[in-house]
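Colleague: Spelled out, the chains give:
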Amino acid sequence: MDTSIWRPILYLIGVMAFAGVNAAWLGWCERKGAGHIQRRIGPKEVGPYGLLQPLADGIKLMTKQLLVPQGVDGILFRVAPVLAMIPAITSMVAIPFSATFHARPIELSVLLIFALASIGMMAILLGGWASNNKYSLISAARSVSQNVAYEIPMLITVITIVMLSGSMNLEEIALQQKGGFWNWYIFPIAGQSIAQAIIMPVSFLIFFTCSVAETNRAPFDMAEAESELIAGHMTEYGSMGFGLFMMGEYLNIVVGACLTAILFFGGWDSPLPFIPSGVLWFVLKIYLLIFTFIWIRWTYPRTQIYKLLNLSWKILIPFSLAILLLTAVFIKIEGILI
Amino acid sequence: MTEPILCTPDETFVLNLGPQHPATHGVLRVKLTMDGEYIVEAEPVLGYIHRMHEKMAENGTFAQFMPNTPRMDYLSALSFNQGYCMAVERAAGIEVPERAEYIRTITVELNRISSHLLWWGAFILDLGGFTPLLYAFDDREKILDLLEHVTGSRLTYCYYRFGGVYNDIDDEFITGTREFIKRLRSRMPTLYHDLVTGNIILIKRLKDIGHISPEVCRKYGATGPVLRGSGIEYDVRKNEPYSIYPELDFDIPHYPEGDCMARYMVRMDEIEQSLRIIEQSLDKLPGGPVQAKVPKTLKPPAGDCYAAVEAAKGTFGCRLICDGDKGPYRLKLRSPCFSNLSLFGEIAEGMLLADALAVMGSLDLVIPEIDR
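If you read the protein sequences in the order shown, they are chains A and B.
Counting in the working numbering, the first sequence runs from 69 upward without gaps.
Counting in the working numbering, the second sequence runs from 991 upward without gaps.
FYI, nobody ran anything at the bench for these hints, they're computed from the structure.
In this text the structure is predicted, and so the values were computed from the model without any measurement.
Think of the CB as a built atom: it goes at the ideal place given N, C-alpha and C, for glycine as much as any other residue.
Worth double-checking, as some hints may not be accurate.
[To be verified] Derived pair list, reagent style DSSO-like, types lysine-lysine, alpha-carbon separation capped at 30 Å:
no., chain 1, residue 1, chain 2, residue 2
1, B, Lys1209, B, Lys1228
2, A, Lys400, A, Lys382
3, A, Lys112, B, Lys1132
4, B, Lys1021, B, Lys1283
5, B, Lys1045, B, Lys1209
6, B, Lys1021, B, Lys1209
7, B, Lys1274, B, Lys1132
8, B, Lys1172, B, Lys1209
9, B, Lys1283, A, Lys375
10, A, Lys202, B, Lys1194
11, B, Lys1197, A, Lys202
12, B, Lys1021, A, Lys202
13, A, Lys128, A, Lys112
14, B, Lys1286, B, Lys1322
15, B, Lys1322, B, Lys1045
16, B, Lys1197, B, Lys1021
17, B, Lys1316, B, Lys1286
18, A, Lys375, B, Lys1194
19, B, Lys1194, B, Lys1209
20, B, Lys1197, A, Lys375
21, A, Lys202, A, Lys128
22, B, Lys1209, B, Lys1197
23, A, Lys382, B, Lys1021
24, B, Lys1197, A, Lys382
25, B, Lys1045, B, Lys1021
26, B, Lys1132, B, Lys1228
27, B, Lys1316, B, Lys1283
[Said to hold, decoys possible] Simulated restraints on C-beta separations:
no., chain 1, residue 1, chain 2, residue 2, range
28, A, Trp363, B, Leu1145, 45 to 51 Å
29, A, Trp363, B, Tyr1296, 50 to 56 Å
30, B, Gly1037, A, Glu113, 37 to 43 Å
31, B, Lys1172, A, Ser213, 45 to 51 Å
32, A, Gln138, B, Gln1054, 46 to 52 Å
33, B, Arg1309, A, Ser213, 51 to 57 Å
So that you can see chain B by itself, here it is in the shape it has in the complex (with noise of 0.2 Å):
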C-alpha cells in the first residue's frame, strides 16, 4: 500500500524547482523548504549547464575562444562579444576604428532592446499571461532580421574582432534600423504599456513585492536592472565609460522602490534610452575602415588587465592575465546573472510561491551564464 504524503501545518518539506521546471527557463534547480505555500529557505543550486568556458580560453588562442562569448548569454550575445574583445585589445594594445566602435555601439544596443523583450515576453509568461510573448517576438524578430543582415546569424552573434567589426553595414541596415526604431516607438506605448504595464492584476502581482534593498544589492554583488531597480543610479556605460558612449547623451533609468514593479520599469524605460543611443549613433555615424590592422597570431605582452561593460543583464567583467603567448594564460570573466541569482535565497525566505517565481523572473536570469 502507498503512502500518501503527509503534511501538518509546523512541518515543513523539500520542493525540488527544477532542474526541469517551466519557471526557471533553463536547467536552474531551486531547493524549496517550504510550509504550505510559504517559502522556509531557499537554495539555488548550479551547474547544471557548466561547460568549462574559462578553462577552454586557457587551452586555445585568444581568437579560439571569441565564438564561446556568445554561448554564454545567448541573449545579449554581443555585450559579452565585446566585453571579451575589450579585453584583449586593452591587452594587446590596438585601436579601434571610430567607425567600428559606432557599428559596436548601434548592434550592442539593438542587441540590448531583443534581450529586454525577450525578458517581458517571459516575465510575464512566468506571471500566467502568454499572449505578450508573441507580441514581444513580433518586435524581436525584426531586431534579429536587422542583426542577421550584418552578422550572419540571428542569435549566438560573432560579429566583433580584435580591432574592428566583421563586416560594415550598410544603407540597408541604416534604414532599417531607423524604420525599426519608428515602430517600436509607435507600438510602446499602446502594446507594452497599456495593455500589460496599466494592467490591475500586474500592478498588484509586482507592487511591493520583492523588495531588493541597496544593501543586499551590494552584499550580493548584483547589477544591472535589478541595483538600478533598487534605487542606485549605477551604470558602466556612464561611471566607467568605455566605446563611444561618452559621446552620446542617455538618461541611467533607476528607481527607489526596489520592488519587481521597479525592476520592470527600468527594463521598459532601458528600451527607450537604447532606441535614443541608437538613433543618436545612426545621425553620427563616421566614415572609414572598420578594421583595424591586427596581426594574424596575436601575442600580447604579459600583463593584467580588465575590461567591463554594461550588458543587458548587469556588468560583464572580463580579467585577462597574458604570460605573453598566443592563448590567455588566465580568463576569469564575471557575469551579472551570477550575482543577481546568489541573492535570491535571501530575498524568497518567508515568500509565497507565486511570488517568489516573479521575483525570480524579474532577475532576468539566463542560465548558461550563470554556470559558464
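So that you can see chain A by itself, here it is in the shape it has in the complex (with noise of 0.2 Å):
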C-alpha cells in the first residue's frame, strides 16, 4: 500500500529532474540542428561539442536580477512562468513509458492530459497580460484564439483513437496496438478495416498540425513571432521568467511528442514483433518526433494569424469530424458484419 503512495511522488521528483535536463539538452538538440540545418556547425565552445552550453545559459539564467518591470500586475506576472511549467510537468504523470514504467494507472489519462494543456495555455494569457506590454498583449489574445480552434480539431482526432481502441487510458491504448507496426494507429492495416487504415494517416496529420500549433512551434508560432511582437509574452521577461517559459515550451513539445507516439506509433511496442519491446522504443519514438518539430521550425516561414485560424476552422475541423463520423460507420459496419 506504501509503495502506491510513494510512487507517484518519486515519479514526480524524477519527471521534474527529467524535465528540467531535457528541456536544458533539448535547446542545445535545438540549436545544433537548426545550426546543421542552417549549414553552421552551432553550439561548440563550451565542453565538447557545446554539451555543457545548456548549463552555462542555466548558470546565465539563475545568477540574472529577476526584474518586475513599473507598472506590471505583480502577482500574476510571477505566476504566469511557474503556470507554463506545471501543468506541463504533472501531464508527464499521467503518460506511460512502458507497460511497467508509469506513475500509476489512470482510467482518464487522455482527459487529464488536455486538461492540464489547457491550462498551460493560461500561463502565455496571463504572462501577456500581466506585462503591461501592448506586444505582449497581441500575443496573449493570438494564443487564446488558436489554442481555442486548434484544440477542436486536436479533441476530435483523440476522440476517433478513444472510439477505436474503447479506451481512454493511455495505457490500453497503446497495449492495443501492440505486436508489429501494423497494427499502430497511424496506419492499422491489421486490426482494423482497410478503409480504416487509409483514413487513419489523415487523422494522424490533423493530429500533427494540431501538436504544432498548440506547443506555439514554428510555423505556427503566432504567440512569440518574434519579428512582429519582439518575444511575444516573453518580452518582459528576463532571468528564470524566461527561462521556466522556455522550459515549459520544450515539455510541452514532449508531451506532445509522447501523445502522439501512444496515440499513434504504438508507443513501447517494437516495430516488428521478435525484437523485444521496452521503453527504449518510447524514447525514440519521442525524439524522432521532437526531431521532426525541430525540423519544421527551422524550414518554414511562419504562417499569419488569420490564415492560421482558417485553417483551423475550415479545414482540420470539417476533416477531423469527417473522419470521426467515417470511423463511427466502419465500426458499425464492422459490428453487423461480424
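Got two chains here, separate frames each, mind docking them using the hints?
Modeller: Given below as C-alpha cells:
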C-alpha cells in the first residue's frame, strides 16, 4: 500500500529532474539541429560539441536578476512562468513510458492531459496580460484564439482513437497497438478495416499539425512571432522567468511527442514482433518526433494569424469531423458484418 | 495598484514599432494606431540616424565626400559611389576610360546581387523563416570575397575615383566571378526557388498582400523593384542609359500584380539579369587604362548637373551645384528608400500587423540611406 503513495511522488521528482535536464538539452539539440540545417556548426565552445552550453545558459539565467518592470501586475507576472511549467510537468505523470514504467494507471489519462494542456495556455495569457506591454497583450490575444481553434480538431482526432480503442487510458490504447507496426493506429492494416487504415494517416496529420500549433512552435508560433511581436508574451521576462517559459515550451513539445507516439505509433511497442519492446523504443519515437518539430521550425516561414485560424476552422475541423463520422460508420458496419 | 491595459473593440491604441524592433532592420520608428491587430494609421518617424551627409559635402572637397557615399546605403555601396562619381565627372567634364566603365559595371552588378541576396534572407526572416538567411549569406560571402579582392573592403566600398577606378581587376577576380556565376545559377532554382519561392506558406503570405498601384508609386516617387513590381517598366539603366549599359543585352523584370509576391519576383529575376550583365561585361572587357588623368585638386566650373544611377533599391540621384570652388556648393541626394518608405503609411492602413511587416520587408529599406 505504501508503494502506491510513494510511487507517484518519486515519479514526480524523477519527472521534474527529467523535465529540467531534458528541456535544457533539448535547447542544445535545437540549436545544434538548427546549426546543421543552416550549414553552421552550432554551439561548440563550452564542453565537447558544446554539450555544456545548456549548463552555462542555466547558470546565466539563474544568476540574473528577476526584473519586474514598473506598472506590471506583480502577482500574475510572477505566477505566469510557474504556470507554464506546472501543467506540463504534471501531465508527464499520466504518460506511461512502458508497460511497467509509469506513475500509476489513470483511467482517464487522455482527458487529464488535455485538461492540463489547456491550463498551460493560461500561462501565456496571464504572462501577456500582466506584462503591461502591448506586444505581449497582442500575443496573449493571439494565443487564446489559436488554442481554442486547434484544441477542437485535436480533441476530435483523439475521440476517433478512443472510439477505435474503446478506452481513455493511454496504457490501454498503447497495449491495443502491440505486436508490430501494422497494428499502430497511424496505418492499422491489421486489426482494423482497410477503409479505417486509409483514413488514419490523415487523422495523424491533423493531430500532428494541431500539436505543433498547440505547443506554439513555428510555423504556428503566433504568440512569440519575433519579427512582429519581439518575443510576444516573454518580452518583459528575463532571468528564470524567461527560463521557465522556455522549459515549459520544451516540456510541452515532449508531452505532445509522447501523446503522438502513444496514440499513433504504439507507444513502447517495437515495430517488429521479434524485437523486444520497451522504454527505449518509446524514447526513440518521441525524440524522432521532436526532431521533426525542430526540422519544421527551421524550414518554414511563419503563417499569419487569420490564415492560421482559417486553416483550423475551414480545413482541420471539417476533416477531423468527417474522419470521426467515417470511423463510427466503419465500426458499426464491422459490428453488423460480424 | 497597477492599471491593466484597457482595450475595448471600438478603442484604438498606439503601438510604437521601433526604433528598436527586429523587423525594422535599423532605427526606424513607425507610429501605428491599432485597432486590435489591424492598423488604422501608420506614420513613419525618421531621423534617428541623420548624419548630415549633404552638409558634410558642402564643407569638404569633392574627394573628401567620397567615403560618405558608401555609408548611406551600405548594402549597395558601389551604386552610391558611382552616382556621386558620375555627377562630379559630369561637372568637371572628365572622360572615363572604357575599361574602367566595364569594371564599374561588373562590380556594381555584383554588389546589386549581394544586396538582393541579403534582402531575400532578411525578408524571409521577417516572415519567420530563419534558415534561408544563412543560405543567402553563403552566396553573398563569395561576392564579398571577390569585391574584397579588388576593392580592399567588404562592405563600405569606396572603389571608384573621379575618372576611373582605384584598382585594376586581375585574372583571379575574373575566374572567381565566372565561377560564382556558375555556382549561383546552379543554386538559384533548387535552393532559392524550390525551398522558398514555391513554399505554400510563403505564397499565402505574399500573394495579394500589400497591393501598391502605379498611381501610388507616382504620388510618392517610388522607384526600383517597388515600381517594377507595380508593372511599370522603369529602370534608369534602360531609360536614361549611362556607363556601358546601352551596349549590353538585358531585360527589365516587371510584374503587373503590385503585391508583395511581385516585388519578390522582380528582385529574384533581377539577380539573374545582373548575372547576365556581368557575363557579357566579362566577355567584352577591353584593355587599357583604368584611370583618366585628373588634376589633384578638382575645380569644376560653376554649374548645375545631375546624375542618376539605378541602385539596388531604386533610383539614386545626385544633384551637384558647383561655384568653381574645390568643393560642392550644394549636393542634393535623392535616395530611393526615402520615397519607397513614404508610401508605407498609405499602404499599411487597414492591414494586419503581420502583413504590414511583410510589406515593409518587401520595400527593402536601408535606414541610413533614408535618414542620410
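Colleague: Going through the numbered hints above, which ones does this structure break? Give me the numbers in ascending order.
Modeller: 4, 8, 9, 23 and 28
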